[in-house]
Amino acid sequence: MDHNPVSAITQANKDLVSSIKEKLEAVSSFKSIFRVPKKLLEANERMYIPGTVSIGPLHHGREPLKYMEDRKWHYLFTLLSRQPNPLESSLHECVNALSNLEKPARNFYAEELNYLTSNQFMEMMLVDGCFIIELFLKYALKGIRRRGDPIFATPGYSIGSGVTLSC
3 MDHNPVSAIT QANKDLVSSI KEKLEAVSSF KSIFRVPKKL LEANERMYIP GTVSIGPLHH
63 GREPLKYMED RKWHYLFTLL SRQPNPLESS LHECVNALSN LEKPARNFYA EELNYLTSNQ
123 FMEMMLVDGC FIIELFLKYA LKGIRRRGDP IFATPGYSIG SGVTLSC
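The sequence shown runs 3 to 169 under the numbering used here.
Just so you know, the hints here were simulated from the structure itself, not pulled from any lab data. A portion of the hints provided could be inaccurate.
As the list claims (entries may be wrong) - Computed list of lysine-lysine pairs in DSBU-like fashion (alpha-carbon distance at most 35 Å, straight line):
1) Lys144 / Lys41
2) Lys16 / Lys68
3) Lys33 / Lys23
4) Lys40 / Lys105
Stated by the list, open to error - Distance ranges between label pairs, derived from CB positions:
5) Ser83 / Leu42: 21 to 31 Å
6) Gly145 / Val29: 47 to 57 Å
7) Tyr141 / Asp72: 15 to 25 Å
8) Ala14 / Pro152: 56 to 66 Å
9) Tyr50 / Thr119: 23 to 33 Å
10) Leu60 / Gly145: 32 to 42 Å
11) Glu44 / Ile146: 12 to 22 Å
12) Ile11 / Ser83: 52 to 62 Å
13) Phe79 / Gly145: 15 to 25 Å
For glycine and all other residues, C-beta sits at the position ideal for the given N, C-alpha and C.
Modelling step: build the complete structure from the supplied sequences, incorporating the hints.
Written as structure tokens, this is what we have:
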């Protein structure tokens, strides 16, 4: 065990520098995702609360959105299954990439997202991100759509306020 006072001070300085750097990164990040203010929400809740699908943590897990949550998981599976790598290998690559993005992504939110663990947040980013990619692919490339996909099989299916898929 090293009882050298100089090395103890050096370690304490490193810890302090690390702590200060973390706080500076948190306050210097560009907060760009906010909850809708209560006054606006009260004026027209339907305009601001998703009724079909949510992307991101602010409405994640709401009961009315459960059906589409299952569709998002299906889209994730479809997208990753198209890769030549085994599914588990693709998931490892995605999780490794997301682990580097979690902290910066959280910092975009004006509020703390303490109700989501690190794993829950990364899982949500993976599912939501792959859902968006697969949705755009299926919208652009009609040949990869499966017959009966409710998002595309229902004429004028609305996926959100002002967003309607008409294919």
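How the hints compare with the structure:
1. Lys144 / Lys41: The hint is violated at about 42 Å.
2. Lys16 / Lys68: violated, 46 Å
3. Lys33 / Lys23: Holds, at roughly 18 Å.
4. Lys40 / Lys105: holds, 27 Å
5. Ser83 / Leu42: 21 to 31 Å: This hint is violated: roughly 41 Å between Cβ atoms.
6. Gly145 / Val29: 47 to 57 Å: holds, 48 Å
7. Tyr141 / Asp72: 15 to 25 Å: holds, 19 Å
8. Ala14 / Pro152: 56 to 66 Å: holds, 59 Å
9. Tyr50 / Thr119: 23 to 33 Å: Holds, since Tyr50 and Thr119 (Cβ atoms, about 26 Å apart) stay within the stated range.
10. Leu60 / Gly145: 32 to 42 Å: Between Leu60 and Gly145, where Cβ atoms are some 35 Å apart, the hint holds.
11. Glu44 / Ile146: 12 to 22 Å: Violated - the Cβ-Cβ distance for Glu44 and Ile146, about 42 Å, lies outside 12 to 22 Å.
12. Ile11 / Ser83: 52 to 62 Å: holds, 55 Å
13. Phe79 / Gly145: 15 to 25 Å: Roughly 19 Å apart at Cβ, these two residues keep to the hinted range, so it holds.
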